[in-house]
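**Q** Assemble chain B onto chain A, guided by the hints.
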Amino acid sequence: MRKRRRSETGPKIGLVLIGLYFLVPLVSTGAFSFWEGGNRYGLRAYVALVHEQQLWQSLGLSLRLAIETILVGLVILVPAVFWMNLRVQRLRALFDFVSVLPFVVPPIALVAGLTALYRGPSWFVGTANYLVVPYVILALPYTYRALEVGMRALDLRTLTEAAQSVGAGWLSIMFRVIVPNLSTALIGAALLTIAIVMGEFTFANILLFNTFAVYINYVGQTAATEAAALTLLSFLITWLAMLGVLLTGRGQVQIGGAR
Amino acid sequence: MSEAATAAGAPTRAHRAGLFARSGGVLTLIFVGPFLLYVAAFLILPTLMLLATAFSGAHGFTWRYVGELDQAQTLIAFRNSIELSAASALVGLVIGALAAYFVMRPGMPRGLGSLVTTFSAVAANFAGVPLAFAFIATLGSLGVITVWLKSIGIDLYGAGFRLYSILGLVIVYAYFQVPLMIIVITPALEALRKQWREAAENLGASSVDYWRYVGLPILLPSLLSAYILLFGNAFSAYATPYAISSGIVALVPVEISNVLSGNVMLSPQTGAALAFGMILVMVAVMGLYALIARQVGRWARP
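Order-wise, the sequence lines are chains A and B.
Using this note's numbering, you'd call the opening residue of the first sequence number 1 and step up by one each time.
Using this note's numbering, you'd call the opening residue of the second sequence number 1 and step up by one each time.
Chain A extracted, bound-state conformation (with noise of 0.2 Å):
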């Protein structure tokens, strides 16, 4: 009885030394954005920041850029999911092998390889938009993921075989039984994209494009509170994604993109 009681003290001190880790720079950061100088504590950043142009400029283009990304994804990448699990099962081992290839190459090592191949055309590999290109290869395995577990649990054979008994054809058949059929499994990948895109940071830093990382960056260089206070900005919004996908249920949490 004894043993028992003390084998529990060790887990909880083990937890407690654990959650300190990850607690106290988040309450550091916390402390620090509310620091003006001396022993003065209050919102100067904040208000600071609040009134600063260029914050709102790249956090709008990095959520511009996620929603354009989910888009993409979702374009190319239903359909595809789509007919291997109807028609094309033999191609399913390629389509995994596939959605784990970025992995594979590192983002930095994608972007070199995009630079030396692609030079133009300007008007596209010159704008913001062109970030979406790598955004959607680093987005693949998790929309990838997402829509295989939620097309494996319809039945697809029946429900195209009962739309194109009523005359719905392929394109009514995608917008109007699959993709409302498959809602929960792509706001998972939606919400799971936005967290992805809004703290990537290689390819726009390389890129030189504006976005909300590189502009934390650029602040961090500068004004060291406002940066603290960016910092817990962005991790608001990736609690805000994460919870949203784990609450719509089955998505896939693992790896983000902007390590």
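Covered by chain B, per the in silico footprint, the following chain A stretches (three or more residues, Cβ under 8 Å):
{"no.": "1", "segment": "90–102"}
{"no.": "2", "segment": "196–202"}
{"no.": "3", "segment": "227–239"}
So, partial list: chain B residues that the calculated Cβ filter (under 10 Å) puts toward chain A:
{"no.": "4", "residue": "Ala-41"}
{"no.": "5", "residue": "Ile-44"}
{"no.": "6", "residue": "Arg-105"}
{"no.": "7", "residue": "Ser-114"}
{"no.": "8", "residue": "Ile-171"}
{"no.": "9", "residue": "Val-172"}
{"no.": "10", "residue": "Ala-174"}
{"no.": "11", "residue": "Pro-179"}
{"no.": "12", "residue": "Phe-235"}
{"no.": "13", "residue": "Ser-236"}
{"no.": "14", "residue": "Ala-237"}
{"no.": "15", "residue": "Ala-243"}
{"no.": "16", "residue": "Ser-261"}
{"no.": "17", "residue": "Ala-272"}
{"no.": "18", "residue": "Ala-275"}
Hints listed in this document are in silico derivations from the structure and should not be mistaken for laboratory results.
Note that beta-carbon positions come from the ideal geometry of N, C-alpha and C, so glycine has one too.
**A** Structure of chain B alone, referenced to chain A:
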């Protein structure tokens, strides 16, 4: 009965085969084509381009740039990256597994499990620049903990500690490695049956015996594959070390970015060769992962 089934089945099959012959190929192209084309154009071709660049000199094919990978500076970068990844993966593995195990112990507060899962999901995805700043505010030369420790007489930086060192980076990386480990290992821990432990105890095994002869051997493939995953995770990290900056420790991703941004006098080919070297390491890592994952799959299905 069986006759009827055959009669009903045969036309359907023929009908399907006919459909496939008429429009299946075109439809497959329409549905699957864009996806495969996208991956080919924006993932596979760029990777092949790296390969081509790494091996091409002014007069066609050359080993020169890949050969230069064994230069002292490059070797140091690769050694640092591998050391850092190996160490941070080990820290993540041990602490993550312990945390996951502790959380599952009976007698822990209700709701702790879901809190830890949620937080792990957040922390595993909270990396890069913000993470770097959080640690600069904590353990940087003016960080909260650094200042506090100094006030009680422990001078971290006086003792030679730097946030941008292998040790410092291991501490920072643990912030995404430990949660990732918790996420990866929890299912494997949950699969350990209580009966196995009870059986072992009935046969007179102590807690140490149980882990030594039953628990750990069963978990070993999962632990190995988790370790490899964590290694790869740390190896390709770029934003975090970049933002902590001050460049005392050379790491491969940061070196590549220096080449790409023109910060150092190195040829694009050298950058490509470095990137190619990284991909080689990752291929080895993921190959091992797939091999072990298959083994785990075989063990998991009784």
